[in-house]
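With the hints as extra help, turn the sequences into a complete structure.
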Amino acid sequence: MEPQTLDSQLRESSAPPDDIVIHAHDLWKIYDMGTVKVDALCGLSFSIRRGEYVAIMGPSGSGKSTLMNLIGCLDTPTHGQYWLNGRLVSQLTDDELAYIRNKEIGFVFQTFNLLARATALHNVELPLIYSGTPVEERLMRAEESLRLVELGDRIQHKPNELSGGQRQRVAIARALVNHPSILLADEPTGNLDSTTGEEIMNLFDRLHQSGNTIILVTHEHDIAAHAHRIIHIRDGRVDRDEPLE
Amino acid sequence: MTSGQTPARSAGARRRELYNAWVTAREAFWIALDALYTHKLRSFLTLLGVVIATTTLIVVMSVINGMNLYIANHIANLGANTFVLSQFEWAQGHAAWVKAQRRNKPIRIEDYEFLKENLEGYKAIGATSQYPSRSAKYERQILYDVSLTGVTPSMIDIGQQRVELGRYITEPDYLHAAMVCFIGQDLVDKFFPGADPLGKEIEVNGRVFRVIGVARRIGTTFGVSQDNFVQIPLTSFQRVFVARPSINISVQAWAAAQMLPLEDEVRTLMRVRRHLPFTEKDTFGINASATIMSLWERLTGSIFAVTIGVVAVFMVVGGIVIMNIMLASVTERTHEIGIRKSLGARRRDILTQFVIESAVMAGAGGLIGVILAVLISQIVERFFASAVPLSGVFLGLALSAAVGLFFGIYPASKAAKLDPIEALRMEG
Ligand SMILES: Nc1ncnc2c1ncn2[C@@H]1O[C@H](COP(=O)(O)OP(=O)(O)O)[C@@H](O)[C@H]1O
Ligand SMILES: [Mg+2]
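From first to last, the protein sequence lines stand for chains D and U.
For what it's worth, this note's numbering labels the leading residue of the first sequence as 1, then goes sequentially.
For what it's worth, this note's numbering labels the leading residue of the second sequence as 246, then goes sequentially.
Fair warning: there could be bad hints in the mix.
As the list claims (entries may be wrong) - Beyond 10 Å from chain U on every Cβ pair, some chain D residues (computed):
| no. | residue |
| --- | --- |
| 1 | 45 |
| 2 | 139 |
| 3 | 143 |
| 4 | 160 |
| 5 | 226 |
Claimed, not checked - Just the calculated beta-carbon pair ranges, DEER-fashion:
| no. | chain 1 | residue 1 | chain 2 | residue 2 | range |
| --- | --- | --- | --- | --- | --- |
| 6 | U | 258 | D | 37 | 40 to 48 Å |
| 7 | D | 37 | U | 259 | 43 to 51 Å |
| 8 | D | 179 | U | 257 | 17 to 25 Å |
| 9 | D | 144 | U | 557 | 51 to 59 Å |
By construction, these hints were calculated from the structure, which means they are not laboratory data.
Using N, Cα and C, we set each Cβ at its ideal position, and we do this for glycine too.
In structure tokens, the structure reads:
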């Protein structure tokens, strides 16, 4: 599918073709701070196909996190269209957004965002609770997911009993547990040392090989080098969009 | 690959929705218990209002229930459709009683004979006379506080005693003033454990009586055993203890409708017999269980009104405290809510979580209230009547959980409405 045809299709406000999982068209995010308005995203457009491994790079404050939150349906754009799996997100209800966050997107945060008082197992179980999965299946799948990130022997540990890398792996296990079609990671190695960061990236590589669509934000070139495509962002606009070999 | 479609509104989807709700609810239940366990003291203080309300409610219900049981067993159980002619009217104020003390004259055996002859249309009539508590002896064993009553044979049809073994006092016993007795189970327990009491001779108040029958066990009320009695023929009672006893006359009507006419007839007969001019009040008392019951019902009515007020005030205060704690908890856990929303929790999941948490918390308060009430009720039972009714336990628990539910709605909806990304930004 040529980009031109895609754009013309979108102008007619119809859904993008099937293998485009993410399509952003003229996305704006304006934070209204009362006295000042901050334009975090200024008319950003791009598409991502199923199975792609994309890194989003850009200086601090360029709007990477803002964009990721939009892609992850945690936030809504001020203007513009965002299509996810062929559906226009701005038309979805609150419950439908929750359903997407639950089933279709796995989000990995820089600060892990684990429940401090819960065990690794329970943290990983959470998405399954919200999808109404029966207990036995829930435990089985949560354990399986933790084994996948090589934490099968730490399931009863609480976050403060785990290292930074292990915490991020718990977060990844949680993001994967509902078999989402898209894995989003906002600076997943930002709080980790380089060796641990490399371990996490190897895990992402494996996940990509097994067919996941991965989008990750980073400002480190070493990390971005794992991806197959890099979208550079500057001042809320796409600066460069380049494939990697 | 899943497409971004929400489940279709089929029956299966609805069942799945229900199952979803159940899973979140159960999850919320454990979170709530965990929170209670982690903050024991804070939780207890939070729940004080609900605890007090539940305890008050159940204790009052227990005491009233205990009194009801007592009345049902003893006063109502004078026997169905029975009233008692005695020197005084029961359950009247102290002042009235002091006055009656001077005016009223005792009821005598002659009155009994007279009524038996002249009253018409009654089912049974009987007379009893009570001797102050005495001790009973058998061989070396002594039992204290035994109630000693002289009775007519007809009392078996009127009173609450039933024959368990042997027989009741009969006409021949009565006519010959036989030295026989009909005893309660306490005496059997004390004197004849495992042995046959019939035909044995026991000593009551220095006189020897032969046991001819044993009553079925009645139990205790007001903490006092109702099986600690000896009944003897009223004639024997006169012969060896009190020659001219003051008696009570029990009259049983055939049906409830005949109670009032029969009471009036007794009143008329007695007034004529005592030559009372129509300006003068009765110099005797006619006591029907209905009188006592209605008095008691009026009393319970006002007790309940006060209780409802007290309980309502404590519940509302307790509810407001819970609401505030829940609001604080929502603020404290904003980041957690953000995490949950980012993982797919819907508004109603968060709402359910906090409402259930609030209800479980209040319910736990209710449970503490129930336990306290049961303990208090057991103490009260020692010197007064009290019996915890199951309905009270359920009511207490349901009411406190409902208060938690109601006062949890506002904080929970605040939590549910949080924006996921803003909530995540609050560092927890
Ligand atoms: N909640 C917010 N309120 C106001 N301004 C915000 C908010 N979040 C982000 N911004 C602003 O938007 C811009 C982009 O931020 P962000 O997306 O976090 O950048 P990055 O992740 O690339 O560092 C920044 O100028 C930032 O100050
Ligand atoms: Mg950022």
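Verdict on residue 160 (chain D) as a residue remote from chain U, using beta-carbon distances over 10 Å: For residue 160 (chain D), whose nearest Cβ neighbour in chain U is about 13 Å away, the distance exceeds 10 Å, so it holds.
Hint check for residue 259 (chain U) and residue 37 (chain D) - Cβ pair distance inside 43 to 51 Å: Holds - the Cβ-Cβ distance for residue 37 (chain D) and residue 259 (chain U), about 44 Å, lies within 43 to 51 Å.
Outcome of range test on Cβ distance (residue 258 (chain U), residue 37 (chain D); 40 to 48 Å): 42 Å, holds
CB-CB spacing for residue 557 (chain U) and residue 144 (chain D) relative to the 51 to 59 Å hint: 52 Å, holds
No chain U beta carbon within 10 Å of residue 45 (chain D)'s: Check passes; 20 Å lies beyond 10 Å.
Distal placement of residue 139 (chain D) relative to chain U, Cβ over 10 Å: 13 Å, holds
Claimed clearance of chain U by residue 143 (chain D), with the beta carbon kept past 10 Å: 18 Å, holds
Outside-interface status for residue 226 (chain D) - nearest CB in chain U farther than 10 Å: Since the minimum Cβ distance to chain U is about 24 Å, residue 226 (chain D) lies beyond 10 Å and the statement holds.
17 to 25 Å as the expected CB spacing between residue 257 (chain U) and residue 179 (chain D), which holds or is violated: 20 Å, holds
Figure legend: structure checked against the earlier numbered hints; every hint is met.
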